[in-house]
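Add chain V to chain H, keeping to what the hints say.
Number of protein chains: 2
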Amino acid sequence: MSMIVNRRDVDFMFYEALDLDKLLASERYADHDRESLDAMLSLCQSIAEEEFLPSAAKLDANEPQFIDGAVKTIPELKQGINAYRDAGLCTSGYDADIGGMQLPWMVDQALNGMFVCANNPIHTYLFLTQGVANMLNVCGSDELKAKYLNKLVEGEWFGTMCLSEPQAGSSLADIRSKAEPLADGSYKISGTKMWISGGEQDLSDNIIHMVLAKVPNGPDGVKGISLFLVPKRRLNGDGTLGESNNIALVGLNHKMGNRGTTNTLLNFGENGDCIGFLVGQENDGLANMFHMMNEARISVGMAAVMTGLGGYLYSLDYARNRPQGRHLADKNPQLPQVMISEHADIKRMLMTQKAFIEGAQMLMYYSAQIIDQQKISGDRDEIARMQLLLELLTPICKSWPSEYCLEANKLAIQVLGGYGYTREYPVERLYRDNRLNHIHEGTWGIQGLDILGRKVHMHNGAAVAILREDIQRTLDSAAHHNTLGEYSTALSRALGIMEQTIATVAQCDDKALALANATLFLDAAGHIVIAWMWLKQAVAAANGLQNGVAADVAFYQGKLAATAFFFRYELPKATTNLALVAALDSTCYDLTAEQFLGV
Amino acid sequence: MSMIVNRRDVDFMFYEALDLDKLLASERYADHDRESLDAMLSLCQSIAEEEFLPSAAKLDANEPQFIDGAVKTIPELKQGINAYRDAGLCTSGYDADIGGMQLPWMVDQALNGMFVCANNPIHTYLFLTQGVANMLNVCGSDELKAKYLNKLVEGEWFGTMCLSEPQAGSSLADIRSKAEPLADGSYKISGTKMWISGGEQDLSDNIIHMVLAKVPNGPDGVKGISLFLVPKRRLNGDGTLGESNNIALVGLNHKMGNRGTTNTLLNFGENGDCIGFLVGQENDGLANMFHMMNEARISVGMAAVMTGLGGYLYSLDYARNRPQGRHLADKNPQLPQVMISEHADIKRMLMTQKAFIEGAQMLMYYSAQIIDQQKISGDRDEIARMQLLLELLTPICKSWPSEYCLEANKLAIQVLGGYGYTREYPVERLYRDNRLNHIHEGTWGIQGLDILGRKVHMHNGAAVAILREDIQRTLDSAAHHNTLGEYSTALSRALGIMEQTIATVAQCDDKALALANATLFLDAAGHIVIAWMWLKQAVAAANGLQNGVAADVAFYQGKLAATAFFFRYELPKATTNLALVAALDSTCYDLTAEQFLGV
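Chains as they are written, first to last, in numbering that gives the first Met the number 0: chain H, 0 to 598; chain V, 0 to 598.
By construction, these hints were calculated from the structure, which means they are not laboratory data.
Values in this document were obtained by computation on a predicted structure and should not be read as measured data.
Mixed in with the good hints there might be a few duds.
Note that the list lumps identical chains together, so a pair holds whenever it fits in one copy or between two copies.
Below are the DSBU-like pairs computed for lysine-lysine, each with C-alpha atoms no more than 35 Å apart in a straight line [claimed, not checked]: (1) Lys510 x Lys330; (2) Lys77 x Lys177; (3) Lys187 x Lys77; (4) Lys146 x Lys187; (5) Lys57 x Lys77; (6) Lys330 x Lys222; (7) Lys177 x Lys330; (8) Lys187 x Lys330; (9) Lys71 x Lys57; (10) Lys77 x Lys330; (11) Lys572 x Lys510; (12) Lys572 x Lys77; (13) Lys177 x Lys144; (14) Lys77 x Lys146; (15) Lys57 x Lys21; (16) Lys177 x Lys57; (17) Lys222 x Lys57; (18) Lys21 x Lys187.
Just chain H, same shape as in the assembly (with noise of 0.2 Å):
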């Protein structure tokens, strides 16, 4: 079996539980139909599997080292770049008209997602890189695109984002970075940015780096931050590279996982003129970075999906073929060890990861679906309606994989055992990289602030509105399996519970309470949205089991036994924290630094 996907599962949310088959009906998809697609899956796979999985452990055992300022990396990260490179997949997330593939966006993250798995480290450098050139795509001047974009597009150069900075991580607010305007339309750029993915390694030409600045005499706060592009070199007039740009690479930050992606602290100009050069208008420069948020958050839970995958994949295998113990039933000594996936905490440890890992997968496929369909409507209500719902379920994308995929990376490392403790195995790894998605792209508690605080209020509650329509959608559609109904009543229950919950905390006049228990919150729609992805498993599933193949049985026995899983097992959990988001508990909010320790 595979350690980075399971075709069958990725066959079944395309086809069977969403709906790639429209759209790829559509003229924009219309290079593309199931047969490329999944020649496609199966190239990516064989690449995945021969140029990133090997080199994962030993990635991670030799993480990039600053050597006399600069990056050297082991040449087995190169190497897997350049195959990803060099079958033109650096281009699948990109629109024909400058040079991408023009693949659905659910269709490239499954392409993308079985190199996370295999290898995320690696592919960070090449996600960075798509983010950068989809921003300067959108907000760049003609001149800045001719000059940078088809180079990121190819990926012969490669891309970095700079927000924080020592003294402001999560508050932009507070960025101190300065781009002073220079007679050219140019800026000189200094500042010190921390955190940054891919700030320097010794893998492309040239490193085009996105950086937040504050132009002099703009607007305090957020309203005054700018958006540049920062060569490492610089260009000569001709394209061609040019002199160093003054960027310094201070030191590498060494991480508990993810450690074959370099994490940088620069300095931008300490040395010499650095310049920028203004993406979109002064000023502007936050909108312009979150033009990518969504897609961004998006990815970033798909990498903690993914990440998972690869600890459930790996643990199951290792279950199904590691004799230990005897059943409970008869324990003579003198029969032979039974398989550990016989079990029934193994099996638990097992459904556990499963029921996680797709039931955020589908919900992965699910909202890049919408992105994809924004894309062929012509109606703007429609792309309207889609947007609204796209931006509610944007912080449970980027959150709730990064709590349960980990979970299910804690599980994997349970079900080795002693095995699964040590670095002989990937699970550790596994759970190690997985770790970070939590903290990056905007932590935990940032995202909670974001649905309580503004999402759920968008144009009076319509994103939540929206969300109880198409969940509707999905009641209608089960309602024709009696086995269902369990299920049906219990998400429309938990849904209900957390309109209400909503409608109480929107009546509290104290802002900072009501947003108190907003992480709490943020967890159990979180939970009510993975059940609402599984009944959709389950309605397809139930269909598979009535009209498809009998080779399929099992699978689809495995989605009904996970629906029921999640509902039983997961989704009570939400009615508790709804209560106390709703019953705006403080005890927490009141407590003073003091009471922690008495002192």
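Positioned in the frame of chain H, the structure of chain V alone reads:
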């Protein structure tokens, strides 16, 4: 503030919430009083802070190496051990008759807990040695004790436990190591042992292995296991060190955390005779090994607590000193940033850590106190009663902190954000270290089977009845404080549901089905016991607010807030889990290995 202990809290638990005073009034502990113990705690705190804590990161980054068949460790490891030994601390865990300090074990747990928090990988060598010495003292012959015991007690030689083998981890029935009787009464040992912590090192002149092996023609399974003392180097007639005993180090396991403790694969007698000495009687090996299991499992729980505490203290200190962002009520960027301990979600994450860690720490001291009380009681019935309660609590002591104090470590990382994810800060190391505790000394699943399959049924449920009686005593004392009524009601109700659940499950004829959700039962029982521990602390805090000094008001308020948090945010989860157990839910149990993926 200290990064390894909150001394005020230790005092609170010992003298306000528990009964150390009563222990100290007994003849057995007459050599100690509060003053002497305070001095001892202070001494240990400074040695741990000065000789253990500073090398923790370096030891993690420079784990022991396997060079030419031997182990090489960094000098700081031996330096820490020497400081501990030179202070006479190796003898802290033993009675006076074998040269020990004869401390109450709850105090010994607190003393050693500071070393665990500071640098558990160093302490593990010492901890294992104590287990071996105690086992030898209880089960060994006078001759063996005369030769080996004092060297172990003094910490001159170290000890190990050799249970697992490559084909037999949790399933000890399947061990294959052999012990053939020799004419002189000793045995020839052969076989391979795995996961042996401290199995080889360059720290002590000799290593005393306690090895499970099978004598010829014994019964099958666990009934045919015997226990042997097997030294790394044999002793000459005069007790001096003699020749090698042919125990080969095959390799070291490379762990995710706890890296400073060697974890070894050992071959006994591969290249020459390996001589072992029977401890206790033939075929009594498992019983002898388990003689110390309650203490060992409580110590594992204590390690989980202290590893969690390290993260909590560090993240609390960080949060109180790290400015970032502003209050939600006024986000004016011209205002200075506030400390992140002011943010509601940071408070939630700190409070969750506090509630988990201090709740579990209280349980560890409480359980240790039971062992101490057994030793000063002359009443056999009372001792038997305490033993039953201890047996019931032991799987909770082992597992609950392994789960929830790891969760606390996860939150400590989150409080630090990106910094927390780097090896420049200790919180990620503590998270990695703590992941071990769910695995060794009986996995999570094993503990679940132990409590629901065995412990709750002992003597017709006597242990649970004793738990009910002792909880009732706490409810009675809580009745003096009106503010605690909410908690008493909730605890009594949850305990009742647990009792009903046990009764329901007991009626199930399918034993395997009855135990299918044993891990969930363990989790729920843990939540109920920890809620009890918090109610005990709440009573003491409420008393303290009435009678204590003004300087302690914030401390007591923090205890009451943590009680509120645990009862409101956590205890409800127990009911959800118990409902699944009582329903004999078979969602996971029914799964076949094929249904996970469909193949």
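Hint-by-hint comparison with the structure:
1. Lys510 x Lys330: between (59 Å within a copy, 12 Å between copies)
2. Lys77 x Lys177: within (34 Å within a copy, 51 Å between copies)
3. Lys187 x Lys77: Intra 32 Å, inter 54 Å, cutoff 35 Å: intra-copy only.
4. Lys146 x Lys187: Close inside one copy (19 Å), not across copies (77 Å); limit 35 Å.
5. Lys57 x Lys77: both (13 Å within a copy, 30 Å between copies)
6. Lys330 x Lys222: For Lys330 and Lys222, the Cα distance is within 35 Å only across copies (12 Å; inside one copy 69 Å).
7. Lys177 x Lys330: between (71 Å within a copy, 22 Å between copies)
8. Lys187 x Lys330: For Lys187 and Lys330, only the inter-copy Cα distance (29 Å) is at most 35 Å; the intra-copy one is 75 Å.
9. Lys71 x Lys57: both (14 Å within a copy, 23 Å between copies)
10. Lys77 x Lys330: For Lys77 and Lys330, the Cα distance exceeds 35 Å both inside one copy (52 Å) and across copies (45 Å).
11. Lys572 x Lys510: For Lys572 and Lys510, both the intra-copy (25 Å) and inter-copy (28 Å) Cα distances are at most 35 Å.
12. Lys572 x Lys77: Answer is neither; intra-copy 45 Å and inter-copy 48 Å both fail.
13. Lys177 x Lys144: within (23 Å within a copy, 74 Å between copies)
14. Lys77 x Lys146: within (24 Å within a copy, 60 Å between copies)
15. Lys57 x Lys21: neither (42 Å within a copy, 57 Å between copies)
16. Lys177 x Lys57: So Lys177 and Lys57 fail the 35 Å test inside a copy (39 Å) and across (38 Å) alike.
17. Lys222 x Lys57: Answer is neither: 44 Å inside a copy and 44 Å across each miss the 35 Å cutoff.
18. Lys21 x Lys187: neither (49 Å within a copy, 73 Å between copies)
Hint compliance for this structure: hints 10, 12, 15, 16, 17 and 18 are broken, all remaining hints hold.
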